[in-house]
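Enquirer: Sequence:
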Amino acid sequence: MLRQSSRLTRHLPPSISIPSRLGRSSARQLPLCRPRFSTQAPRRHADEGFPQSSFSQSSSHSRHDAPKESLLRKMGESAATTFASIFVLAFGFAAAGYIYHRSYKMLVLKKMTRAFEPGDPVLDLATTAKEVPRTVAPEDEHWVQRPEQEHVDRIIDGRESGHYYLFMGEKGTGKSSMLIEAMRKTDGDGVAMFEAHADTEIVRIRLGKCLDYEFHEDYIGGYFSERGPRETTALLDIERALNKLEKVAMKLVQKRRKPLVVIVNQLHLLRNNEEGRDLIELFQQRAEQWAAANLVTMVFNTDDYWVYERLKLLATRMEVLAVTDLPKSQAINALRKYRMRYFKEIPNHHELEDVYDRIGGRLSFLNRVAKSKDMIRTCEQIKDTEKKWFLNQCWILGSEMDDDVMDQQKWAAAAMVLALALVDKEEEMAKTYDPVVGHLLPTFPFHIAQELMTRADFIRDLDSLNLFTVTSQADVRASSVPMHLAFKEICAEPRFRKHLEDTIQRISDIESLGRTRELVAKDLVLGGEYDIQTTRKGITVKLKQPEEKDD
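Residue numbers (UniProt numbering): 1 to 551.
It is worth saying that the hints were derived from the structure and are not from the lab.
Ideal Cβ positions, reconstructed from N, Cα and C, are used throughout, including at glycine.
One thing to keep in mind: the hints can contain errors.
Distance ranges between label pairs, derived from CB positions [what the hints assert, rightly or not]: (1) Ile99 with Gln473: 51 to 61 Å; (2) Arg455 with Tyr100: 17 to 27 Å; (3) Pro445 with Glu201: 32 to 42 Å; (4) Gln381 with Arg497: 23 to 33 Å; (5) Gly119 with Gln381: 31 to 41 Å.
All chains should be modelled from the sequences, with the hints used to inform the complete structure.
Expert: Put into structure tokens, the structure is as follows:
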């Protein structure tokens, strides 16, 4: 191709002809045309009389307008496509997120519902540890039957509703064993149980494990949010878990026709501070609401009296079940069964009574003694252990103690005074032992014990250390029969009373020194003196010097 005078010309090769390119038939129909080339303007333009400049200007305008219209149209199409894509993606993500959110909530409720189906991890651990089968015949007895067991069975089975319960008793009396035995009879149907702890975060985790609730930690939205799933407090998480539990209970109560049961074991392990008291209040508020609606029956288990004091403030539907040592007849029967189970022997009745006289009807002590080959020796070891525990916590230092330990010695002296008062009261009692009931330990009312100790804040700490116990009737006594026997041995030691009096006197002297202020009078020379006068305006002190004598 050649450019000549602003026009394009094309030279065809001589070897190629038009007929050969179009074919033989086309060659016959079309006349042979020869290309003509000219450097002049087209004749049509010349004939029509259009000026050359006008045509060039119009064609240039059309060439400039066409790209503008094409660009706007393309921009509109691109914007519409982008908007449609964004809308489709946003709608798809929103729909998927909504479906996931709804399905996640349904899955949470379904998992929590399965937590109340037959079978419970606590029950599995208990039966594995005690080698007790999950299902036993009614006539087979693998556990000591306490008098309160029938009542506990009705509570756990849901036959008693409208209340929530507080189990109180000393350590080792069989409170948890009664609850587990009642759960075993129902195979844990409709029951969930977890252990309390001093740290509320651990309580949160244990509650979640008990209810099969993850606290939204497995929620996929947590990966895209700015705040993490754990940026909250334990109390708020526990409140959310209880909200889910309420929804599950409202669904299950229509099918089961009886309330669910939630057991909080070892509630006294919570710290007696603001956080621990707030958690107890949270549990109690839910227990009151659910008991009124017959949705959930909550059961609290504790060893310490301060938990009862905290719950007493807001209690309207609470029932207290006191769990104490077994009476003499039942304790001897339990010891006989234990001995038969472990050693396949039945000891004589006199030996069993001797064991009871030494350790009482505490189930934990009876179990230890029954597993021992020498029962009397084990009883003495239990008493010595209790005695050493008491002395390690509360021994007094006498008149030679340093003033730096005065605060601790106040506490120890108060405990010794209370122990001595209990021993002295036993000597004044007309009856300290019943052939049927067994030991009748001396007790003091709570306010009298505070008066004897001259302090009102020590008894709760002594109760937490299992040195003394405060019953549900607000009576203070030794924590167990071996502990009371240890009190008697300590108070019977020579010079104990004198040692206690010297300690109390030393504490009084140190406190007196702390309250005494010493004034040193100076400038009293050559017979000078102070003149102290008391008037309405106050006290005035003047110094009088003797008159100087002339030589």
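Enquirer: Each hint needs a verdict: does it hold in this structure or not?
Expert: Now the hints, each set against the structure:
At about 58 Å, the beta-carbon gap between Ile99 and Gln473 stays in the expected band of 51 to 61 Å. Here the CB-CB span from Arg455 to Tyr100 is close to 60 Å, at odds with the stated 17 to 27 Å. Checking the proposed 32 to 42 Å range against Pro445 and Glu201 shows it holds: the Cβ atoms sit about 39 Å from each other. Take Gln381 and Arg497: their Cβ atoms lie about 28 Å apart, and the range 23 to 33 Å holds.
Between Gly119 and Gln381, the C-beta spacing of about 39 Å keeps the proposed range 31 to 41 Å intact.
Violated hint for the displayed structure: number 2, the only one.
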